[in-house]
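Colleague: Sequences listed follow chains A and B, in order.
Read in order, the letters of the first sequence are residues 1 to 320 in my numbering.
Read in order, the letters of the second sequence are residues 1001 to 1356 in my numbering.
These are computed hints drawn from the structure, not numbers from a lab.
Predicted model, so just to flag it, every value in this text is computed and none were measured.
One thing to keep in mind: the hints can contain errors.
Claimed, not checked - Simulated DEER-style distance windows between Cβ atoms: (1) A/G49 <-> B/P1010: 33 to 39 Å; (2) A/D21 <-> B/A1327: 33 to 39 Å; (3) B/D1035 <-> A/V37: 52 to 58 Å; (4) B/R1329 <-> A/E275: 20 to 26 Å; (5) B/S1244 <-> A/K33: 27 to 33 Å; (6) B/E1007 <-> A/P57: 18 to 24 Å; (7) B/P1154 <-> A/D21: 22 to 28 Å; (8) B/E1331 <-> A/D21: 28 to 34 Å; (9) A/E315 <-> B/E1331: 47 to 53 Å.
To be verified - Computed footprint of chain A on chain B; a stretch qualifies when at least three of its residues, placed anywhere within it, have a C-beta under 8 Å from a C-beta of chain A: (10) 1118-1127; (11) 1132-1141; (12) 1147-1155; (13) 1175-1188.
Note that beta-carbon positions come from the ideal geometry of N, C-alpha and C, so glycine has one too.
These are the residues of each chain, in order.
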Amino acid sequence: MPVRNMVQAINLALREEMERDDRIVLLGEDVGKDGGVFRITEGLLEMFGEERIIDTPLAESGIVGAAVGMALYGLRPVAEIQFLGFIYPAFDQIFSHAARYRSRSRGRFSCPLVIRAPYGAGIKAPELHEESCEAFFCHMPGVKVVVPSGPYVAKGLLISALRDPDPVIFLEPTRLYRMIREDVPDGDHAVPLGQARIVREGNDVTVIAWGSMLERVVKSLEPYDAEIVDLLTLSPFDEETVLRSVAKTGRVVIVHEAPRTCGFGAELAATIAEEAILSLRGPVFRVAGPDVPVPLAKLVEHYLPDAARIRAAVEELLRY
Amino acid sequence: MPRSVIETFPVTRLDILDAEGNADESLLPPLSREDTLRLYELLVLSRAFDGRALSLQREGRIGTYPSILGQEAAQVGSAFALEKSDWVFPSFRETGMHVAMGYPLDLLFRYWAGDERGLVTPEGLNILPVCVSVGTHIPHAVGAAMAARYRKDPIAVVAYFGDGATSKGDFHEGFNMAGVYRLPVVFICQNNQWAISVPRGLQTAAATIAQKAIAYGFEGVQVDGNDVFAVYDATRQALERARSGGGPTFIECFTYRISHHTTADDADRYRSVDEVEEWKKRDPIERLRRFLEKSGFWTIKYQRELEQRTRETIDQAVREAESAAPAERREIFLSVFEKRTPRQIREMKGVDDAGA
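Looking at chain A on its own, in the form it has when it is part of the complex (with noise of 0.2 Å):
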């Protein structure tokens, strides 16, 4: 099986997607001629022409908003945002059309679009192009929100959200894309919205974490007995997964790079309360950013949750 890193294996979701169906289109700011910034898109333009792989003026309200009118008269874009920090102009079209189009008109109108942005910290890059603001997705009914964690099932994913019938958020972590190489398959292997993966089982705790903190969780906890749920989809999210392991460890540590307040972690955390209490042996604890702004590169390792950390909140919890 062909080794590949996460860049070119959702290239090559894109690629095979797009043979197989023409209603996908791709826009964006560079997307085109240069491939896209972190060259995600190169080689499209040559395949499949200026039709389908769509340069844009340097608009993200304008480039999700001319998506979700595409999508509404049945084709499927792909709009990528350059950096998921530049995503908030787009945040009304997201919001209060792309994820509700289909109930505004009881299913008279759908708006199957997939917007894919880089993010997360650690790549020694200006201001906002660090974010991992995936919480606010979340928040948001109508749309679902995806963050692969490594090329296999970001390959994988990406197929899945191309076919999805509604608009997905598609978040691909920066630091990883050139770090993780792995087996992925050419052709059709979807893997399916909405569920979760155990990456390692174990059975003295559940750490939960996706995207780009996935490799960190996994590097630091080699020496525990630890069994790692990759969310993948954090909307809709897959609560049987979590909560069967819950069951099974009575511990939950839950690791996201964005600030602790009102991140996704809070919401799996009163999820497990609500529906899993009787199970846990201790508090849930949540290693995430503190409530600050990303910092720059200097202070960025003080932000992001290490190996200390993780390993710190693992050791506490095994106390109780």
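Place chain B on chain A using the hints.
Modeller: Relative to chain A, chain B alone:
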């Protein structure tokens, strides 16, 4: 090196029918007698719908409603030029467009009464749900036009909005993309002079709204928005241009919101009665009636029959709207996604059980 003028930009305005009902014969669009009477009847029907909606709101039978009084020609005249296959992205004050396109009136009443099922556009019409968030649907029209071009469909896309929307970022981003890609889209602004309490002069320092198109590389034209012939003709020409690959057009319909912003507003707080009275003299329907009378197409008998017919149509629509089966409570879950999420399924059961 001399200082030189490198570009000049004319802004045109079109007037065909004046307030007394006199038309400039050389500019009259190619409309038959039947077409012209049909236009008149649609204007009358739009105003009747509007009046009934205001009454129903006062009786508590529908919710907040935005009146179109005074803007009927801008809406009916433009929509009359459209084909059913065209795609229409309305704002929330487009009753005249809905009427002219043949959107079922009972559905409109149901929507304003608070029933989303009123936005289920019948098959064969491509009218999108009303957009409450001002101007944010302009990029959708642009995207639909991109899709139509990609599909090689010989249609045009139309977006309706007001003067307030021209201050929004999405107006700029949408117009800019429409110009860059020369898309088959027609933008119709009903400049009704007021965005709730904010007058046109506080929306923009530009002399006209039409001229904004120039900066995006396509034509903007101002028309007398109370002149149904001017609106129709400008729209017809813009649609021809769109369908033949000539790119977008922006039409500013210069009109006036005679009524309050909505039934929840009191316009007397911020504008003078004199101003409103001045604009009432330029009524779009009365001027077409005068034209028809001068042309020998209009009689008192015709008017009485038309009013009777219109009343019956509205009565029937209200009856149908109010006798529709109430929505089931679980309906709020049914169209958020194509398939319910596990959590929604549990929540839906909770709502069902609460009603059992």
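Colleague: Run every hint past the structure and note whether it holds.
Modeller: Evaluated hints:
1. A C-beta distance of roughly 37 Å is found between A/G49 and B/P1010, which places it inside the suggested range of 33 to 39 Å.
2. At about 35 Å, the beta-carbon gap between A/D21 and B/A1327 stays in the expected band of 33 to 39 Å.
3. For the pair B/D1035 and A/V37, the supplied restraint of 52 to 58 Å holds, since their beta-carbon distance comes to about 54 Å.
4. Checked against the hint of 20 to 26 Å, the C-beta distance between B/R1329 and A/E275 comes to roughly 25 Å, which is consistent with it.
5. Distance hint check for B/S1244 and A/K33: the Cβ-Cβ separation is about 29 Å, which falls inside the suggested range of 27 to 33 Å.
6. The given range of 18 to 24 Å is respected by B/E1007 and A/P57, whose C-beta atoms sit roughly 21 Å from each other.
7. Distance hint for B/P1154 and A/D21: a CB-CB separation of about 24 Å, consistent with the stated range 22 to 28 Å.
8. At about 31 Å, the CB distance of B/E1331 to A/D21 agrees with the hint of 28 to 34 Å.
9. Evaluation of the 47 to 53 Å hint for A/E315 and B/E1331 yields a pass: the beta carbon distance comes to about 50 Å.
10. For the segment 1118-1127 of chain B, the assignment as covered by chain A holds, since 3 residues bring a beta-carbon within under 8 Å of that chain's beta-carbons and 3 suffice.
11. Here's how the segment 1132-1141 of chain B fares: 7 of its residues keep a CB closer than 8 Å to some CB of chain A, so the rule of at least three is met and the hint holds.
12. Given as covered by chain A, the segment 1147-1155 of chain B passes the check, having 4 residues with a CB less than 8 Å from a CB of that chain where 3 are the minimum.
13. Counting residues of the segment 1175-1188 of chain B whose CB lies closer than 8 Å to any CB of chain A gives 3, so the stated coverage by that chain holds, three being the minimum.
Violated hints are absent here; each numbered hint is respected by the structure.
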